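Asks: Chains A and B, in that order, give the protein sequences.
Be aware that the first sequence starts at 1, since it is given in the numbering used here, and climbs by one per residue.
Be aware that the second sequence starts at 1, since it is given in the numbering used here, and climbs by one per residue.
Simulated from the structure, these hints should not be mistaken for lab results.
Here the structure is a predicted model, which is why all the values come from computation and not from measurement.
Beta carbons: idealized from backbone N, C-alpha and C, even for Gly.
Be a bit skeptical, because a hint or two may be false.
Stated by the list, open to error - Capping the alpha-carbon separation at 20 angstroms, the derived lysine to aspartate or glutamate pairs in EDC-like fashion look like this:
# : chain 1 : residue 1 : chain 2 : residue 2
1 : A       : Lys-139   : B       : Glu-342
2 : B       : Lys-28    : A       : Glu-110
3 : B       : Lys-28    : A       : Asp-26
4 : A       : Lys-187   : B       : Glu-342
5 : A       : Lys-191   : B       : Asp-94
6 : A       : Lys-120   : B       : Asp-94
7 : A       : Lys-139   : B       : Asp-94
Said to hold, decoys possible - Covered stretches of chain A, as calculated for chain B (at least 3 residues, CB under 8 angstroms):
#  : region
8  : 81-92
9  : 140-148
10 : 230-239
Residue-level listing of the chains:
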Amino acid sequence: MITETRPLISVTGLTTQFGSQVVHQDLKMEIPEGSIFGVVGGSGSGKTVLMRTLLGLNHPAHGQVSIDGLNPFLPEDQKKLQTRVGVMFQGGALFSSLTIGENLIYPLMEIAHLPQDLAKMIAALRLKMVGLEVDTLQKYPSQLSGGMVKRAALARALALDPKILFLDEPTSGLDPNRSQTFDELIKTLRKNLGLTVMMITHDQESLNFLCDHVGAIVDKKIVSGPLERVMAHPHPWIQDFFWGERGKRVFASQKGGR
Amino acid sequence: MGAVNFISDESGEVILQLSGKWSLLSAKDLQEEIRTLPLPRQKTIRVRWNHITGADVTGSWVLHSLLQHLSHRGNHLVLPLDQGPMYQLLQLVDTYASKEKSPQTSPHYSLTDMLFHLGKRFVTYKENISKATNFLGFVIHNLIQTFRRAQPFSWTSLAYHLEQVGLRAMPIVGLLGVLIGVVLVYQSVDQLRRFGAEVFTVDLLGISVTREIGVLITSILVAGRSGSAFAAQIGLMRLNQEIDALDVMGLRPVATLVIPRVLALIISLPLLTLFANFVALGGGAAMCGIILDMPFSAFMHQLNLSLDIKHLWVGLIKAPFFALAIGLIGCFEGFQVQRGAEDLGRHTTKAVVESIFLVICLDALFSVFFSKIGM
Ligand SMILES: Nc1ncnc2c1ncn2[C@@H]1O[C@H](COP(=O)(O)OP(=O)(O)OP(=O)(O)O)[C@@H](O)[C@H]1O
Ligand SMILES: [Mg+2]
């Protein structure tokens with residue numbers, strides 16, 4: 001049920017550079033509204049850098065970025081994007097000196113100005129949605145396991161009811177059951193809230209289960225489009241990713257270009 | 001006309017008419033409106049949400065709790081038949097909404113709580129002292145091992161820390177030394193002039209700088225500069241699990257991190273003190289020249305008469321001990337960091353405050369000791 005609509009996120013002519021190292025060169029992509037867009041690519045190919053650029057955290061050498069019609073590099077647009085965008089960073093980036101509960105309540109009270117009792121209840125609801133016990137609210141990030149940190153970070157990314165969700169490797173380090181539940185949760189949320197999700201992942205199962213659109217970063221560019229189309233791309237890395245030993249097992253049901 | 005209204009239609013049925021946006025940003029106003037809403041007396045309520053223009057999880061949660069409240073009150077709710085997004089969202093919230101109340105820890109203190117906290121503090125205090133002495137023993141053991149060449153030692157690391165702790169502290173130590181010399185002369189000339197004993201300014205300056213002030217000022221400065229840096233560096237490494245990584249690789253954290261830092265301090269603090277002494281005397285000499293018209297040769301002559309070499313030694317002997325205290329406390333506090341950014345800040349502050357405190361305590365002990373042995 002893919003409905004082609006206007007692109008919610010569009011990037012044109014993006015060139016990112018660190019010193020003499022070029023990470024992206026003249027990269028162009030579009031993420032349609034309401035889609036779950038999976039970003040794949042080898043380690044160090046610039047997936048996280050792309051996400052940071054879209055969020056306005058990293059200034060590119062050239063190129064335009066538009067998110068929901070806004071420019072993330074303009075301060076006044078940045079403010080408007082605040083409540084529309086939820087981010088889950090690769091390392092979690094939970095505030096280490098706050099408990100998990102405070103991590104969730106803080107943006108609710110500071111940005112949405114909710115009264116404390118309401119914020120507390122919403123925080124508990126969010127926590128249960130990502131499958132954590134309520135007693136986690138009182139714990140500090142350093143007292144959680146790796147997988148719990150991931151889920152708490154997702155809960156915080158969802159706290160402000162964003163329209164667009166950026167996830168950097170949300171399921172890496174989770175056990176297979178958990179990552180399945182995780183995927184299902186994201187799918188449910190997308191269906192009910194009309195979320196647009198950009199998800200960086202190495203997990204072929206998640207990609208197959210969740211994503212209708214994919215972008216593969218290869219040779220400083222991105223090959224993007226509906227899953228079946230990208231799967232059929234002749235680039236060796238893409239062929240290897242989708243049709244290597246592991247990929248073949250997962251994507252067997254897809255019957256893409258082959 | 002708000003977002004929540006009870007209306008009755010022609011057949012006398014009560015309808016809960018919902019409208020507007022039920023989202024995070026309107027949640028506060030919605031809740032306010034619901035709180036002040038007059039509730040109908042009729043039992044059956046028909047819910048209509050077809051005028052809701054947009055909803056998200058937070059908004060649905062507010063609606064969900066309104067509906068829950070009504071049904072707990074004994075109302076019979078008739079929900080719309082459509083299974084659109086609003087229904088789906090309510091379902092979603094219902095799945096996760098707590099059936100039980102979320103835990104509310106009330107800050108209620110009784111006398112036993114107070115006693116409990118007092119006891120707990122005491123025990124933590126005791127534990128900290130034993131941890132610190134443990135650390136002291138461990139470091140000294142490692143130091144001895146290093147001197148006996150029983151464990152590898154990195155000269156590169158020592159050189160690096162010597163530069164950071166010693167060389168780079170020279171400009172600020174020098175500046176402060178000159179100022180102290182100037183201030184001491186300025187203050188004492190005023191007092192001594194009343195007895196016509198201005199010339200003894202030089203004695204006062206020489207003895208106080210070499211015995212006490214030079215080493216104290218240098219130590220306090222180094223505690224603020226390097227003690228805090230040690231605590232922050234080691235603390236951040238702990239947070240990143242770098243210490244654990246060293247440990248499992250068999251590179252003992254104390255040997256690799258603490259020994260070079262402490263040794264660098266022990267070597268550089270006496271040298272810095274010597275430097276501070278010289279510049280303070282220099283600053284004092286310049287000031288004597290300006291306000292007393294005392295030529296440099298006269299200053300040196302007076303200094304020679306009053307300043308025995310033993311005074312210089314008294315100051316310098318203390319320096320390595322102060323250095324050991326500063327280095328040990330800085331590193332120890334670094335290792336105590338556990339939780340995160342705030343903990344890191346707390347232990348860094350503690351490192352500075354405690355090491356300055358300890359330096360001054362040690363100085364007092366040394367004064368007693370030196371006066372007993374007649375130095
Ligand atoms: N702040 C920075 N300064 C310099 N180089 C950087 C910086 N951030 C990233 N890079 C470089 O950009 C490249 C892409 O990094 P990025 O973090 O985007 O990789 P990635 O695709 O997310 O990899 P992974 O799958 O391992 O997370 C890497 O070569 C990295 O060294
Ligand atoms: Mg990355």
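Asks: Could you work out which earlier hints the structure fails to respect and list their numbers in ascending sequence?
Replies: 3, 4, 7, 8, 10
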